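Engineer: Chain by chain, the residues run as shown.
Protein chains: 6
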Amino acid sequence: MNLYDKTFIGCDSGFDESGLVLFGAPFDGTSSYRPGSRFAASAMRAAAYSIETYSPYLDRDLTELKICDLGDLELPFGSAEKTLAAIEDCAGRILDAYKLPVMIGGEHLVTLGAVRAAAKRFPELRIVHFDAHTDLRQEYLGEALSHATVMRRCWDILGDGRIFQFGIRSGDKAEFEWAREHVYLRKYHLFGTEELERDIGNAPVYFSLDIDVLDPSECPGTGTPEAGGVSFAELLNAFENISGLNIIGADLNELSPPYDPSGISVSLGCKLLREMLLTISDAP
Amino acid sequence: MNLYDKTFIGCDSGFDESGLVLFGAPFDGTSSYRPGSRFAASAMRAAAYSIETYSPYLDRDLTELKICDLGDLELPFGSAEKTLAAIEDCAGRILDAYKLPVMIGGEHLVTLGAVRAAAKRFPELRIVHFDAHTDLRQEYLGEALSHATVMRRCWDILGDGRIFQFGIRSGDKAEFEWAREHVYLRKYHLFGTEELERDIGNAPVYFSLDIDVLDPSECPGTGTPEAGGVSFAELLNAFENISGLNIIGADLNELSPPYDPSGISVSLGCKLLREMLLTISDAP
Amino acid sequence: MNLYDKTFIGCDSGFDESGLVLFGAPFDGTSSYRPGSRFAASAMRAAAYSIETYSPYLDRDLTELKICDLGDLELPFGSAEKTLAAIEDCAGRILDAYKLPVMIGGEHLVTLGAVRAAAKRFPELRIVHFDAHTDLRQEYLGEALSHATVMRRCWDILGDGRIFQFGIRSGDKAEFEWAREHVYLRKYHLFGTEELERDIGNAPVYFSLDIDVLDPSECPGTGTPEAGGVSFAELLNAFENISGLNIIGADLNELSPPYDPSGISVSLGCKLLREMLLTISDAP
Amino acid sequence: MNLYDKTFIGCDSGFDESGLVLFGAPFDGTSSYRPGSRFAASAMRAAAYSIETYSPYLDRDLTELKICDLGDLELPFGSAEKTLAAIEDCAGRILDAYKLPVMIGGEHLVTLGAVRAAAKRFPELRIVHFDAHTDLRQEYLGEALSHATVMRRCWDILGDGRIFQFGIRSGDKAEFEWAREHVYLRKYHLFGTEELERDIGNAPVYFSLDIDVLDPSECPGTGTPEAGGVSFAELLNAFENISGLNIIGADLNELSPPYDPSGISVSLGCKLLREMLLTISDAP
Amino acid sequence: MNLYDKTFIGCDSGFDESGLVLFGAPFDGTSSYRPGSRFAASAMRAAAYSIETYSPYLDRDLTELKICDLGDLELPFGSAEKTLAAIEDCAGRILDAYKLPVMIGGEHLVTLGAVRAAAKRFPELRIVHFDAHTDLRQEYLGEALSHATVMRRCWDILGDGRIFQFGIRSGDKAEFEWAREHVYLRKYHLFGTEELERDIGNAPVYFSLDIDVLDPSECPGTGTPEAGGVSFAELLNAFENISGLNIIGADLNELSPPYDPSGISVSLGCKLLREMLLTISDAP
Amino acid sequence: MNLYDKTFIGCDSGFDESGLVLFGAPFDGTSSYRPGSRFAASAMRAAAYSIETYSPYLDRDLTELKICDLGDLELPFGSAEKTLAAIEDCAGRILDAYKLPVMIGGEHLVTLGAVRAAAKRFPELRIVHFDAHTDLRQEYLGEALSHATVMRRCWDILGDGRIFQFGIRSGDKAEFEWAREHVYLRKYHLFGTEELERDIGNAPVYFSLDIDVLDPSECPGTGTPEAGGVSFAELLNAFENISGLNIIGADLNELSPPYDPSGISVSLGCKLLREMLLTISDAP
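Chains as they are written, first to last, in my numbering: chain A, -5 to 278; chain B, -5 to 278; chain C, -5 to 278; chain D, -5 to 278; chain E, -5 to 278; chain F, -5 to 278.
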């Protein structure tokens, strides 16, 4: 006599039978402007019943897949390093079971934990990264581990030419200059995603989606809103472009429910996660 | 039959002299996600002084028309059936006086009351329906009368080929499949409204506008926000396309002020109602 | 590898081993002013980790008890009668297993479902009722089943002298007059609860706590806030007075998270539920 | 002289038959901290249906009285002087009809308009003033007409010993010193109101209630919240003490709905107005 | 040992060395709908650290310029005329030092003060004005000085053919008709700004940006939101078109933080001011 | 020509001439429930003009003292240890100049930095601590440095019998048991503060005020609201009791503006800081 389960909508399969495994990483310890992304995963699970499991865009349904939702990791807010270790451990176990981890952040730093796990298992790893911000600083407020440095830390692991950034519209001058030499960076839009399949081929890809790549009008609930972003429709189109990639892990981060008083950001996040799951599961 | 007279802006004519008659239907008893549309009509009347009676889009002014605002019906929250009866009665009386009823919901179920009244008097009735959701379920949470079933209940009355839906971007798989056989459904956009005049001709039309057809960025204050909607500009353009139809009744529903902390949804709702009134009064 | 459980804090025992059984009744379909109590149970579970399982007031800990949290019932928003039937069924099963049901509302009408179940099994049932409102109307907006009539409906079942109301500070004149003949009603405060043990003795008691008995300053998040209420401290004191009663079922209702922007009402609700569980379990 | 008639609950009598006449003065043009009291009267009318017309405290009902609600004056936001003239004119007409004006502010400056009207007709006028702030500055930000100077302006008209202030807990040092010579000022509480009948006797009294005399916990929605205020219960008790005075006019001001996100302040304001109307009408 | 400075980001040069001089004009005394723009300048300074000083759009950095931020003027809320005098004085001093004043409003009326100062020193002055509203009324609610009349008052000074309006989508019929004879008005969009350089040549230009020209979805936090506005991207494009003009003063007004619960409007305002400063400093 | 300074009201003296030195410690990196106290100091400075510099309670005025406000420390959010070092350094410099440091938190962990500085210079240091929570955990979520362990860490430095806690109403069972042996803990109220002067005598005292000791109704804007707290009036009374102690440093922490939608918590915080400064400066 148990009346409920509290997984994300349509993601109630067991671990062993699932191909995709969802988990939350409720950490926002280095957020410099507006913390709150720690609440994203639980807010999304609670609001998910407002959307359908069926996507009219893809004509597919979450209930046709086998997806497991592990719930949220328990993370210490004061320690970035311990947090990353816990995430790396969880993502690693999922990868070792030949499943695809999908993480709901949390601030963007959480991506580093999953990328560490993935890079160990896939030395040829590429990152496809949608974001408003470069996240390429060497350090931020004296810290090497920060939401503002996360892609630079990933570069430390992967090296030149492995990171593909889209939608970028904020950073300091030095970041943009550094980017020219070391990563593939496209500004403002998601134009160029149609070439990813050609450029990356069948190499393993980790897909990291910072929700602030969207315009703040469509997704106000985020840590550092940055005007002039892409629309939900553009983002869905770009999903088509990455559906042919060999995606081996993914995340959706920086959704911040406390700054979403109307609730539209959390609703959008749920829909986005549905489309992301259906897109990724579609990958070769 | 005058309930009170803090009317919507520019709608202070008497019942007898008016061609259009406005009334509120403050019911949200079957809302499954976020109730609050019961407050729409009173919030719109209170905020209406922030807009002008003049439309630069149409170069017409509400003060040039004769419109009566009856105020809000008093409805029992716990009973969908009694609510529909009260709405049918009010809309029926307006139609019997050869006037055009314009209802401010409330949740979308209220449309059924007005359609019942209209279909009795206009057996050839068509419905033009702008919405994010199909609303075509046979039942929802065990109930036949629900915001999620309202268009299916209208179909029970009107039958195949009489309902024209636009902007639809959410529903379960079965609804979309059922729609293919029984209604005219266009997804995502309002494209196709330009063919309505050709398809419908001079048949009587009830126009039902669920405000969630708009993108949640422009209208966050609604019960079930659904990303990827149309813009206000697209909607105004579509109004042009329906201005040539023989509209005999209309409604604007699902505006939910409690989820509109910045107030932009209520403001937009007022402007939309102005344009709707000016457009409809323009009809042949 | 399942990282979480989503019961109320410290209430994760199995059904069979538990003495108290918690469940949510997320229904607010007859709320006339501000709906939203449907979200109470899930909001409380999500916020519960902000409190401790240990009560310094009672020097007892939730972890010392065996409590099962069944989660939320799935209820149809449009039908009060079906909702009551589902609640009666759930509460009845718990009572039949010789356990104590504790329901988180929902609007106050949900109490009727649980009282129906209890009265069938305990013909000598009494109700102890803390509330700002009498809830004694014969009907409300034309409906017999309403949050504003719930205690009158309970009286229909139990008859004179069985209902003990405290904290009442709102109602129409007729309700107060009717109350004088039929129920025991104390205004404004919880004074008089110290006499309950003497008056009721060992008869079975259903305890219904409408959270709006508290002052709106301490609990703004409720459907119909009514100034001049009791304090949390007074309420805890009254809990002492009822701890000697033979309580066989209880509920906590009318907490409305959408009207709790600061979150203090939900936090208080969690703490109150902890104290209620510890108090009730203490009963003879 | 009927502006429109969505009246306050139970205040729908005609002007001629009424003994009390309500009107709104939606002006907040000199608010230095948080404007918004312009919305008070309309917000209170809209929320009034959440309270009862019956007072259990007084065992009286608004429906037993004859009260007229004129609606809101139309006031220019940029001109304090024109605003005061419009208020004086309206209050004067009511007084000339031998009725009792009750004004819903607006910021506190609106009181000056009504006091001007009253003092011309009642040269022996006294003011009883409940407030957190002295409002006794000679000027504020270079202006003589301001919410912060209103009682000093009233003193200009009435002179020494005519103003009785209670609940005061904020002002600059010079104001408190000036007060010692010229007005009767009691700090923090409403103690001393029990002596008013003795001190004032049958002289005509204007009663001005700045809602910020209440503690911000009970009434957060006000322009300048000041911690350490009185409770709703203390205020009701003080109403008893003034019920024996010869009150010839009254107001309730500084309620600011935009800073009342939970709605408890507007609800409390409605209840307070009910009690004020019932108390005043009771006066000899 | 002083740990902080509180200027707008990157605007901490001294007055004498600066070419641009920023100041706040926190006045909203004539706002008829939703006051609050008085808080704009301080909210923007507090939130500015969420953006970068570097613009990827222009590849320029605020730190490459010399800009002084004087802080906020102290203005009397009750007096529009005194407020305008204080603004005229401040802007005049900046102009007399051969620097470019940039004012953060406040409501739109503040523009009149700066335009008075500019017109005295530049008799050939033109105004380029982006706004949703015409602001061309002869008077509003009986007042000649109002946010709704400000451009008419500027016309009183400058005469025909000197005011260029873009983005206009609201006004009464008479305003649009009057505009045809006296000003250059373009509706809905910023189309036509590319012709400004040809039409105005090297004449001195005051640039006034009412933030409500943007769509309310992107900037909800404004006094009178008007659906159907321009996007941030369109606005940046229009900035390019005015970068060749001889701009001698500018302002950004009508941002209203109290109506920006998600914070996206203030964030956008900061970014807009950065782009405006970089664009203007670029002017010949 | 510099129009403003942005210190806390009445705290604009230079460092050298001041006896009290204010600084902000905007850190909330270990907050487990609701971060946001990082914004407290800047929000308080911005709102301070809503209160007076004069205290009618003490008949003293901030302008009679010499107080310097250094502004906010720049702190790395991801590193608790570096944050504590920066605070210790700042507090140490103030103490070395024979001045009294007053810190505005931030979460409660910031107290540890100041206590480290104070204990080095005053080996006989005592702590007087007002709080809802014990903060005596050995570790929390695996971290030794946390808002939930701060008083335990202070005990590590000071040892038994040196910490005096009041108002405590939350903690786990082990904390309360540990407290009995090692600290002086009083539950729920501030009773017992009148004995501090007798118990502590002239020993140096650091006074730490966690604002959540207040009831959430009066101060909703805090990280972990806990029902059943003390009132502002009780707190002012307790200030009298500590005014005779030899206070050598103090802080006010855990005010969280994002959870204060009505603004009453920030207003109260300003008033509390004024009273604290006036009380402390009064100390022998």
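Just so you know, these hints were derived from the structure itself, not from any lab.
Since we're looking at a predicted model, the values are computed, not measured.
Glycine included, C-beta positions come from ideal geometry on N, C-alpha and C.
Honestly, I wouldn't trust all of these hints.
To be verified - For each label pair, taking beta carbons as the anchor points, the in silico distance ranges come out as:
id : chain 1 : residue 1 : chain 2 : residue 2 : range
1  : B       : ASP90     : C       : PHE9      : 55 to 63 Å
2  : E       : TYR43     : A       : ASP154    : 27 to 35 Å
3  : D       : TYR182    : C       : GLU175    : 41 to 49 Å
4  : F       : ASP53     : D       : LYS114    : 32 to 40 Å
5  : F       : TYR182    : D       : GLU189    : 53 to 61 Å
6  : D       : ASN196    : F       : ASN240    : 37 to 45 Å
7  : A       : GLU234    : F       : ARG87     : 44 to 52 Å
8  : C       : PHE9      : A       : GLY195    : 51 to 59 Å
9  : F       : ARG87     : C       : GLU58     : 47 to 55 Å
10 : F       : ASN240    : A       : TYR43     : 58 to 66 Å
To be verified - Examples of chain A residues toward chain F, derived with CB under 8 Å:
id : residue
11 : SER26
12 : PHE71
13 : LYS76
14 : GLN132
15 : LEU135
16 : LEU139
Engineer: Verify the CB-CB distance for ARG87 (chain F) and GLU58 (chain C) against the hinted window 47 to 55 Å.
Structural biologist: Holds, since ARG87 (chain F) and GLU58 (chain C) (Cβ atoms, about 50 Å apart) stay within the stated range.
Engineer: Falls inside 37 to 45 Å, the C-beta gap from ASN196 (chain D) to ASN240 (chain F)?
Structural biologist: About 57 Å separates the Cβ atoms of ASN196 (chain D) and ASN240 (chain F), which means 37 to 45 Å is violated.
Engineer: Take a look at whether the Cβ-Cβ distance between TYR182 (chain D) and GLU175 (chain C) falls inside 41 to 49 Å.
Structural biologist: 44 Å, holds
Engineer: Do the numbers back the hint for LYS76 (chain A), that is, is its least Cβ distance to chain F under 8 Å?
Structural biologist: 7 Å, holds
Engineer: Tell me if SER26 (chain A) is really an interface residue toward chain F, meaning its C-beta lies closer than 8 Å to one of theirs.
Structural biologist: Hint on SER26 (chain A): holds, closest Cβ of chain F at ~6 Å, below 8 Å.
Engineer: Have a go at the LEU139 (chain A) hint: is there a Cβ in chain F nearer than 8 Å to its own Cβ?
Structural biologist: Holds - the Cβ of LEU139 (chain A) comes within 8 Å of chain F, reaching about 6 Å at its closest.
Engineer: Quick check on the hint: LEU135 (chain A) CB to chain F CB, less than 8 Å?
Structural biologist: At 5 Å from the nearest chain F Cβ, LEU135 (chain A) passes the 8 Å test, so the hint holds.
Engineer: Is 53 to 61 Å a correct range for the gap between the Cβ atoms of TYR182 (chain F) and GLU189 (chain D)?
Structural biologist: 36 Å, violated
Engineer: Taking the CB of ASP53 (chain F) and the CB of LYS114 (chain D), does the distance hold inside 32 to 40 Å?
Structural biologist: 38 Å, holds
Engineer: Take the shortest C-beta to C-beta distance between PHE71 (chain A) and chain F; is it under 8 Å?
Structural biologist: Hint on PHE71 (chain A): holds, closest Cβ of chain F at ~5 Å, below 8 Å.
Engineer: Honestly, do ASN240 (chain F) and TYR43 (chain A) meet the 58 to 66 Å range at C-beta?
Structural biologist: Given range 58 to 66 Å: holds, Cβ gap about 59 Å.
Engineer: When the nearest CB of chain F is found for GLN132 (chain A), is that gap smaller than 8 Å?
Structural biologist: GLN132 (chain A) check fails; min Cβ-Cβ to chain F is 14 Å, beyond 8 Å.
Consistency with the previously given hints fails for numbers 5, 6, 7 and 14, ordered from lowest to highest.
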